[in-house]
Structures are given as C-alpha cells and as structure tokens.
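Q: Fit the two chains together into the complex; they arrive one by one in their own frames, and the hints show the way.
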Amino acid sequence: MEIVMAFVCGFLFMAAIYLILSRSLLRIIIGTGLLSHGAHLLILTMGSFKGSAPPVLSEGVTDFVDPLPQALILTAIVISFGVTAFFLVLAYRAYHELKTDDMTLMKGSEDNE
Amino acid sequence: MNNFLLLPIIIPFFFAMILMFGQKKIAYQRIMTIFGLVLSILCAAGLVLNVRENGPQIVTFGNWPAPFGITMVSDMMSALLVLTTLVLAMFIVWYGFASIGRKREQFFYYPGIMFIITGVNGAFTTGDIFNLFVFFEVLLMASYLLIVLGGEKAQLRESIKYILVNVISSALFVITVAYLYSVVGTLNMADISLKIAEINQPGILTVIAVLFLLVFGMKAAIFPLYFWLPSAYSAPPIPVLALFGALLTKVGVYAITRTYTLFFTHDLSYTHELLLILAILTIVAGCIGALAHFDVKQIIIYNIVIAVGVILFGVAQMNEAGLEGAIFYLIHDMIIKAALFMLIGIVIYVTGTTNLRKMGGLMKTYPALGWFYLIAAFGLVGVPPLSGFIGKLLIVQGGFEAGNTWSTLLVLASSIIVLLSAMRIFIYAFWGVEGQLSSNVEKSKFNGLFIPTAFLVVLSIFYGIGTEWLTPFMGDAAKILFDPSIYTDAVMKGGN
Chain A
1 MEIVMAFVCG
11 FLFMAAIYLI
21 LSRSLLRIII
31 GTGLLSHGAH
41 LLILTMGSFK
51 GSAPPVLSEG
61 VTDFVDPLPQ
71 ALILTAIVIS
81 FGVTAFFLVL
91 AYRAYHELKT
101 DDMTLMKGSE
111 DNE
Chain B
1 MNNFLLLPII
11 IPFFFAMILM
21 FGQKKIAYQR
31 IMTIFGLVLS
41 ILCAAGLVLN
51 VRENGPQIVT
61 FGNWPAPFGI
71 TMVSDMMSAL
81 LVLTTLVLAM
91 FIVWYGFASI
101 GRKREQFFYY
111 PGIMFIITGV
121 NGAFTTGDIF
131 NLFVFFEVLL
141 MASYLLIVLG
151 GEKAQLRESI
161 KYILVNVISS
171 ALFVITVAYL
181 YSVVGTLNMA
191 DISLKIAEIN
201 QPGILTVIAV
211 LFLLVFGMKA
221 AIFPLYFWLP
231 SAYSAPPIPV
241 LALFGALLTK
251 VGVYAITRTY
261 TLFFTHDLSY
271 THELLLILAI
281 LTIVAGCIGA
291 LAHFDVKQII
301 IYNIVIAVGV
311 ILFGVAQMNE
321 AGLEGAIFYL
331 IHDMIIKAAL
341 FMLIGIVIYV
351 TGTTNLRKMG
361 GLMKTYPALG
371 WFYLIAAFGL
381 VGVPPLSGFI
391 GKLLIVQGGF
401 EAGNTWSTLL
411 VLASSIIVLL
421 SAMRIFIYAF
431 WGVEGQLSSN
441 VEKSKFNGLF
451 IPTAFLVVLS
461 IFYGIGTEWL
471 TPFMGDAAKI
481 LFDPSIYTDA
491 VMKGGN
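Quick mapping for you: the protein sequence lines, in order, are chains A and B.
Take the first sequence: its position 79, counting from 1, is numbered 79 in full-length UniProt numbering, and each next residue is one higher.
Take the second sequence: its position 487, counting from 1, is numbered 487 in full-length UniProt numbering, and each next residue is one higher.
Okay, chain B solo, but in the shape it has when bound (with noise of 0.2 Å):
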C-alpha cells in the first residue's frame, strides 16, 4: 500500500470534482465537504504514524525508476503539514457554514476550497521541481477564484493586483526551473541535490538559489517581497482570509526550508547569510506594520509576515535546533493564524466595524469570546504553557548555537512588539467604555462562528501542552532537513 500517501491529495481533488455537481443544493454540498476533509484527515493521521513508523515514504508515479518519473515524497514534515492543512480547512469549512452567505455557496465555493488544498497537499509533497509549479498553480488558480468570489468592489480592486503579482512570480518560477535544468539536467529533487553535491554549488547555483529565494519569498511575503499581502489579504471575506493566512504563505515558507536545505547547502555564508538578513527585515517590516494600523485585519495580517521572518529565521541557522523549532513554530503558526482570523471576524461581526478606535467594551456582553481571544493571542506571542513557546525557544536556541546573538536578541524582542500588537486588540476591544455594536447580531450565527472557533484555540492549546508527545515527530522532520542523505537515499532507492 504505498499509493497511500497520494490519499490526502487525491481524496480533496475527488471531492472538488463531485462538488461540482449539484451547486445549488447547499446541504448537499456542505456534507460532502465535511465528509471529504475527514476522511482525508484520517487519511493523513494514518500517514504520520506510518511515516513515524517505517520512514520516508516514496512514490514514482507510473514505476519508473527515481529520476525519470515524477516521484511523491513523504517526509515526516510535509506528513504533519498535510494533517495541518486538512485540519485547519475543516474548521474554517465548518466557521464558513454560519458566515460565508448562500450566494458564494452556491457559486463553487467548497470546490474552490478543496482544490486549494489539493494544490497545498500537492505542493507540500511533490518530490519533482518542476510539479511543485504545478501544485503551485493549482492552489493559486483556486485562491484567484476564492479571492473574487463575490464580486465586490473591493474584491475586484486588490485580486486584479494579487494576480498580477502571482502571475510575475509564476513565470519567473518557470524561468528558475529552466536555469537550474541547464545547469543540472533534471528535475527530481532528490537527484538535483545529489547532482549539485558532486559540482559543490559553483557560483551559478548560487545565483540559482537567490532566484529561488525571490520566487518562493514572493508567495510567502518575505521583506522586500510583501507589499502585496496587507492589501490583497483584506478583500476576501474572513473564512477565505483565515485559510489564506494559515496555508498559503506558508507554502512559500515550505519551499524555501525545501530547497535551502535539500540543494544549495554547499555556500552557507553567502545563501543562508542573506536569508537570515532577510529574514530580520521581514520581522522588522511586520512588527512596524502590526504597530501602525488600528484595523483589527490589517494588525494580524502583519502578525503573519512576523511569523513568517521567525521561521525562515529558524531555518537560516542549518542547525538540528534552529530547524526543529522552524517547524515547531510552522505548525503552531498555521493553527494560530487560523484561529485568530476567525476570532477577530467574529469581533467584527459583532461590532460592524473593523476600525479598533470604534470598538470597545465587549468583555462585558462576550465574556467568552474575549477569553478565547486572550487565550489564542498568548498563544501567539508564546507564553509558556500555550503552542508558540516551544517553537520560538529552539529557533532561539538555534540562534544562538549558530553564534548570531544580536539578531536572535531582535527576534526574541519581535515577541513583545507581537505581544504589544496583540494586547492592542484585546484593550481597544474588550475593555473600556462600550464602543460600536451590530444591531442584528443572531444568537445562532454568533454560536455558529464561536464553536469552531473555540475548538481551534482548544486545539491550539493541546499542541502547547502535548509538547513532550510532539517531540520525537517534530525531530524526525528535522533530522531530515538537516541531513537531506536520508533523503536522497530514501528516494534514489526506488522507495523500500
């Protein structure tokens, strides 16, 4: 049974195609949905244990040997990505229920959402560059649909931009790809990592992987590379933007840690030196926009650029520390990204406004709500018993190791600035004088939004408790990245 990791990818691309039928019957659409996302989620979990258990698994579609066909790999980190990203779709579908309204449900919305995951899934376990593309364009071409799904004004204004941007990215992409085939001659991952070991990265792939470094940093907003999420991240409606903020990024993210840990590892000083510099201007770059904007989105939108500056951060340390706690921290922040976007959207539909000076008061008429968001906000920032402490503390360890004390210290300085930012919306929100209300507030749409809510910052808090019980997964998704021969052999054997 080794087809079985194609599952969680396989299964959502199914259910897109059988959604597709019937898009007026809401009912029937939404239990599919559901109905599809667990059963790829059992699917998943059932792919962790036997990655946990018998080692990377590998598929070469069409039994080709490894370098000729395309080959799938699962790794214990794009396994617990995948789980991830089935998990949190699940609980955004369910948060979607009460708030996305009939008209979008009736227009391909659900098959929108499971092509976008079936793009993600791919795209996290893809062992071939250039079907990596390919997955990328998939959860793109998905999100362009997800992003103007409506059609308002708005809507039209930003996804007008963040496809032209997405469209810039894509081709230069294609251009990396067919440098790097010039170069090497191939397109398996495993096997260009094989094939630049025994050239030792001569100055062209140097080049090669700074034009990586432009293209994914493009799809996951690192520092001169983000000018174009704030904006076209607040015109979606707030389910698409939690899904948005937990997966895609972090798409890019994925395949940066992929390609600077597997292929251009011969150069540190100069490729991994420049990601880091990066990667402090991007924490920088967040932590003034998280300060300067009083619009509850526009504040976690730049929460997701400071996480994304963590964890390449993480990542640029190329040591078992740094990178374990990159993908600590990578998990916990899509959890949390996810979570928060859908807290902060129930605050705006209770207060009708997204302007942080126009709220206030609400501890008293939503008591739990304000719990939960202080809860998830903690969880943010990394207070110790919640999800985000262990990931930061490797990567801050990580830092350190690596002998880069000043710009760990920034980082660890980011945390107050996150905390700061995050306690801004709690203090405007919850306490004070009572600010604006929504006269038409519904008790059964506020329960509808607040228990999957609930179940997330829940879930969020047994990822930071169950921390001893992560560890040893977590740690053999980073003894992979940080010793890509496990990798290569798993692969070039012809899988088992």
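Bound-form chain A, shown alone (with noise of 0.2 Å):
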C-alpha cells in the first residue's frame, strides 16, 4: 500500500512542477494545490498504514492507527487553506492592477511600470 502511495505522490509533485513552471498565475496556484495536497499524502504515508481502527478510544479495540500525522495534516491543512486563500485574492488584485497574468510579462524593474 505504502509502494502505491509513493507513487501518486510522486505524481502528485510531478505534475504540480509542471503546473508551476508554466506561464500563466492561475496555473501556477492549481500546482501550489497538487503539491501540498502531495505533501499532506506524504506525511500520511510517511506514518505508515498499520492499524485498522480509526484513533478514537473504544471498548475492545487495540489496533489503532498512529494519530500524530493527522494531527500534522490537519494543522497543514488549514495552513495551506489559508496561505492559497492569501494567494488566490492577490493574484486577482494583480490581475487588475498589472493587467496581466502572464508571469513572464512580470518584470522587476523600474522600467517597467
């Protein structure tokens, strides 16, 4: 289960490389999304697949799984959620403001403006 698991998140950060390294904003963030939801499956693979009972103590049962990387993957969750939230509302605001949402067409200098 682990072996296929390494797989889709290889996949996973494969095409969210792809997705960054193009042009345009939109792209970009929609890789940003692919790779953390790859690094969130990671950290669950990461712990490993033994256990069969979710983590929530009840009677006569002992094979629980490891709760410690939920626990990461919700709190990196939420901080994904909020950093592509962030993220999402600028890429807006630059789109109105530089008329633009081609990256190359974003040069950093003076001249520029």
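Do not take every clue at face value.
Stated by the list, open to error - Under the rule of at most 16 Å between Cα atoms (straight-line distance), these lysine to aspartate or glutamate pairs were calculated in the EDC-like manner:
| id | chain 1 | residue 1 | chain 2 | residue 2 |
| --- | --- | --- | --- | --- |
| 1 | B | Lys153 | A | Asp63 |
| 2 | A | Lys107 | B | Glu152 |
| 3 | B | Lys153 | A | Glu59 |
| 4 | B | Lys24 | B | Glu105 |
| 5 | A | Lys99 | B | Glu152 |
| 6 | B | Lys153 | A | Glu97 |
| 7 | A | Lys107 | A | Glu97 |
| 8 | B | Lys161 | A | Asp63 |
To be verified - What follows is a list of derived Cβ distance ranges for each label pair:
| id | chain 1 | residue 1 | chain 2 | residue 2 | range |
| --- | --- | --- | --- | --- | --- |
| 9 | A | Tyr18 | B | Val458 | 47 to 55 Å |
| 10 | A | Ser24 | B | Lys153 | 47 to 55 Å |
| 11 | B | Lys153 | A | Tyr18 | 23 to 31 Å |
| 12 | A | Tyr18 | B | Ile451 | 25 to 33 Å |
| 13 | B | Lys364 | A | Gly82 | 45 to 53 Å |
| 14 | A | Ile17 | B | Asn440 | 46 to 54 Å |
| 15 | A | Leu105 | B | Val458 | 45 to 53 Å |
| 16 | A | Leu105 | B | Lys493 | 57 to 65 Å |
| 17 | B | Asp267 | A | Leu74 | 30 to 38 Å |
| 18 | B | Val458 | A | Ile17 | 47 to 55 Å |
| 19 | A | Tyr18 | B | Met17 | 52 to 60 Å |
I should point out that these hints are in silico values taken from the structure, not numbers from a laboratory.
Just so it is clear, the structure is predicted and the values come from calculations on it, not from any experiment.
Here a beta-carbon is modelled for each residue, glycine too, at the ideal position from N, C-alpha and C.
A: Here it is as structure tokens:
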C-alpha cells in the first residue's frame, strides 16, 4: 500500500512542478494546490498504514492507526488553505492592477511600470 | 515561574490581537505597539539573565513528559536572538512612525509587525520540529501581509514571486518532516537528536539533512536558492525592508545552525563539507551582486547574502571558535543590517532616488548622516573597535583550526569586497559635487528618521566595544551548540 501511495505522491509532485513552471498565474496556483495535496498524502504515507481502527478510544479496540500524522496533516491543511486563499486574492488584485496573468510579463525593473 | 520563557512570544501575540481593534486610531496603535515591545524587551532581558544563571529553560505544554508534548526551549542562543529581535523591532517601528505613512498605519501595519515578531520569537524558542514549521508559517503569513501592504504595482508583482517561493519551500519542509518522522518516529528536537545518535545517522538521514539544508536555505538565501531575495526585498517600503533584512533570513540561518549542530553531527565529512562549500559560494555570489549594482537598496540586499554565507561558514567548522564566532556575527549582522537599511532609507528620502549615480555631495548638507553611515559601514566590514570584528575574527580562527585554509582566506578577502561595496555608497552619495536633492525634505520628518537610526548605530558601537562583557553569554551559546548533550539532557529531564 505504501508503495502505491509513494507513486501517487510522486505523480502529484510531478504534476505540481509542471504546473508551477508554466506561464499563467492560475496554473501556478493550481500547481501549489497539488503540491500541498502531495505533501499531505506523503505525511499520511510516512506514518505508515498499520492499524485498522480510527484513533478514537472505544471498547475492545487495540489496533489503532497512528494519530500523530493525522494531527500534523490537519494543521498543514488549514495553513495551506489560508495561504492559498491569500494567494488567490493577491492574484486577482494583481490581475486588476497589472492587467496580465502572464508571469513572463511581470518583469521586475523600474522601467516596466 | 518556568513559563517565563513564553512571555517574549505571548506578549507580542497578545498586543497583535488588541491592535486589531481600533485600526483607525493611529495614536493608540503607535503607543500600544511601543508599549508591547518595551514590555517584551524587559521580559527577554530577564530571560537572558535567567538562562545565564540557571542554564537552559524548558517548558513542555500541558505537563506532558518531554517527547510527547510540545517543548519550548530557551537556551542562550535563542534567548539572545529573541532579545535582539525585539530590540530591533522597537527601533524599526520607531523609524516607521515618520516614514510608513497614514494609509498603511491604518491598515494593520502594526498587527502585522507584532505577528511577525511572534513568529520569529517562536521559531527561535521552539523545541519541536513541526512547531517550528507552524511558527515559520506565522512569520511568513505576516510577512506576506507586510510585503504587499500598500498595493503598489511593484509590490504586487514581487509579492507573487515571494509567496510562490515560500509556498514551495513550506511544502518541502512538510515533506522533510514526514521523512524524518518515518525514520525516527518523533518530532521533539531533543528526542530526534538522541534517536539519530542511537542509529548513528545512516544514509537516509544524510539525505534528510540535505533536504533540511534546501528548505532552510531557501528561507536563508544560500547560494543556489537566493534568487528570489534581491527582487522580493526591493519591493516593500524601507521599515519593512529593514525588518525583513534583519530578521527573516536569520531565522533560516538559525534553523540550519540548530539542525546541523543538534541532529546531523555524525557524518560531518559529508553534511558539513557541503555546508562549507555552499557558504563559500554564497559569499562569492553575494560579492558579485554587491559590486554589480548601482542601486543602494540592492547593494545592501546583496550584503545580506554575503553575511549569511559568512555565518554558515562559521557553523560549518563545527569547533567552538567557529560556532562562537557565528553567534557573534549573527547578532552583529542583525543589528547592522537594520541600521544600514534605515540609513539608506534616509539617503533615499533626502535625494529622492535609489540610483547612486544621481547622488553626490551629501556630506555638505547632511554631515551627521554621513558620519553615522561611515561608522555603520566600518562596523559592517569589521574594523576592530566596531561590532563586526570579533565575530569574523573567531570565524576565521575556527576556519584555520579546522584546517580549511583556502576557504578561510576567501572569507577574509570577502571583507574587502564588503568594504568596497559599502564605501562605494559613501563615495558616490556623500563626496563629490552635489547631486540630486529632493525638494520637499521636512526637518521634522528627517529627525524622526534619523534619531532612531543614530541610536541603533550607537548600539552597534557598544556591541563592538562591549565584547569582553558579552563573551560569557556567547560562550554559553556556543557551548550548547558544540555539545548537544547539554540540550538533550535539559529537555529529556523534563525541565529543571
């Protein structure tokens, strides 16, 4: 199971990097979304898939999954959600002000303003 | 009173929250910010003295035993960095009163600063690797706010790149923590250190060490990963730039220092050799950039890159002289970079341009500014009575002791380039025939900018003169870096 997930994570990273290297800002943001999905799936995988019951105390169950990676993922998800929301609004604002979403046109010198 | 070490984190956080209310009342915002910072400085100074007397201070949240809860550790290095952070933040906020502008002040500028301080102090103090990630995100989120606040075109353009780079490095941080967790099965830094010592750092941990270098190197702007820094730092206004230049990259440097002295100490010939080479290349890249530009901001920004290289060169030596020098130089560099950014901010204000070629003859009109710039520039280079000397001396001593003769000579040679780049600003802007001068320089605004800057330069002079007095503190900090068992023992005992 871990092997399969490792390949899935690898595929997500590959797609993310391809999208981040593209020119359109929106594709880049989609790429960062895929990147954080891959990272979160990787935490879950690296915590290993041992155990069958969800980590909630109940009678007669001893075979819990590792609760720690789930807590880490939950933290990482809300953080990346906050950053993505900010990034999307920034992209919207930048599109209004700079009149472009092409990263190659966002050159950083005084003459371009 | 073991919770005392949390105060420098909690007080700015608390003040950030109450500053969210009453956003239009500028007087209230200013007074509360300064009040909060002074209060935190007092607590941080108390913390430094406490650590000096009683050794590392530890608190584990919720009374859980050490590896299970989140531990906060204040050893001498983090206590000193926390104190420096707060002092610099106070001077930069004071400087900002005159220059940041009403619009920004009314739009969560001060809460942003307080949140960034919370994140930086938390990152310096935490003893848990995932908690370090969270504090990194706290300071990064606040820095996104500050870099884009104002919404000028340049700011929008550069903040997109800045955020993209940091989102990628944060994802890489999460991935690295996941790998580390799967190998050692713990997140507490002291426990990780012990577990790695138990299994004696097999190949996979060396890979993780390099991944950590990538992650923190992207924050700290080391050689192949510094590409985002020059353009991103040219966008925000000067007080924000001073805050970023003094604090943000240094958090990355601190994180590299911490992980490379606490975790990955069993395969020095690979990890620390790599760090050494990257540090040298960082210095070279910074030197080239510092000489290539005629923009005052860019020259100082590339000097950040050089300093990061020099500090990491000291860390890579892994002997007591090198580490002590790295700490001396780290704190010196935080102070002097803030002072230099504030000084060139004044230069930009009185001339109305960032282009060196258009400036000239400021020595006649603003002699005090010229002399203070000269002192700060000599401090940056490390002329003996001033602040940069002792750190570089110890780093060089460490380099020779470790037998890296050629690279150490290169570090020494970089000082000449730093001197050249800093003096070039002095020669172009202060000597010669009178160049461009801004027509609407107000005396009161100039004083408002100049007084905090002068105080900070004087502080840096005292840092240089008071070396004898500071040495025991720095020695303590270097000792704990050199011998991680002090750290792990203190944490695993459950704190005092």
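Q: Could you run down the list of hints and mark each one as holding or not?
A: Each hint, compared with the structure:
Only pairs whose Cα atoms come within 16 Å are accepted, and Lys153 (chain B) paired with Asp63 (chain A) is rejected, the gap being roughly 56 Å. Of the supplied pair hints, the one linking Lys107 (chain A) and Glu152 (chain B) holds, its CA atoms being roughly 14 Å apart against a limit of 16 Å. Distance restraint check for Lys153 (chain B) and Glu59 (chain A): the Cα-Cα separation of roughly 61 Å exceeds the 16 Å cut-off, and the hinted pair is therefore not satisfied. In summary, the hint linking Lys24 (chain B) to Glu105 (chain B) is supported, as the alpha carbons are separated by about 8 Å, within the 16 Å threshold.
For the given pair, Lys99 (chain A) sits about 13 Å from Glu152 (chain B) by alpha-carbon distance, which is consistent with the 16 Å threshold. With a C-alpha separation of about 7 Å, the suggested pairing of Lys153 (chain B) with Glu97 (chain A) holds against the 16 Å cut-off. Of the supplied pair hints, the one linking Lys107 (chain A) and Glu97 (chain A) holds, its CA atoms being roughly 14 Å apart against a limit of 16 Å. Taking the CA atoms of Lys161 (chain B) and Asp63 (chain A), the gap is about 46 Å. The hint is violated against a cut of 16 Å.
Taking the beta carbon of each, Tyr18 (chain A) and Val458 (chain B) are about 53 Å apart, inside 47 to 55 Å as hinted. About 19 Å separates the C-beta atoms of Ser24 (chain A) and Lys153 (chain B), a value inconsistent with the hinted range of 47 to 55 Å. In this structure the hint that Lys153 (chain B) and Tyr18 (chain A) lie 23 to 31 Å apart at CB holds, the actual value being about 29 Å. At about 53 Å, the CB distance of Tyr18 (chain A) to Ile451 (chain B) disagrees with the hint of 25 to 33 Å.
Distance hint for Lys364 (chain B) and Gly82 (chain A): a CB-CB separation of about 51 Å, consistent with the stated range 45 to 53 Å. The supplied range of 46 to 54 Å is met by Ile17 (chain A) and Asn440 (chain B), whose beta-carbon atoms lie about 49 Å from each other. Separated by about 46 Å at the C-beta atoms, Leu105 (chain A) and Val458 (chain B) satisfy the suggested range of 45 to 53 Å. Checked against the hint of 57 to 65 Å, the C-beta distance between Leu105 (chain A) and Lys493 (chain B) comes to roughly 58 Å, which is consistent with it.
The hint said 30 to 38 Å for the Cβ distance between Asp267 (chain B) and Leu74 (chain A), and at roughly 34 Å that hint holds. At about 49 Å, the beta-carbon gap between Val458 (chain B) and Ile17 (chain A) stays in the expected band of 47 to 55 Å. The supplied range of 52 to 60 Å is broken by Tyr18 (chain A) and Met17 (chain B), whose beta-carbon atoms lie about 41 Å from each other.
When the structure is compared with the earlier hints, violations turn up for hints 1, 3, 8, 10, 12 and 19 and for no others.
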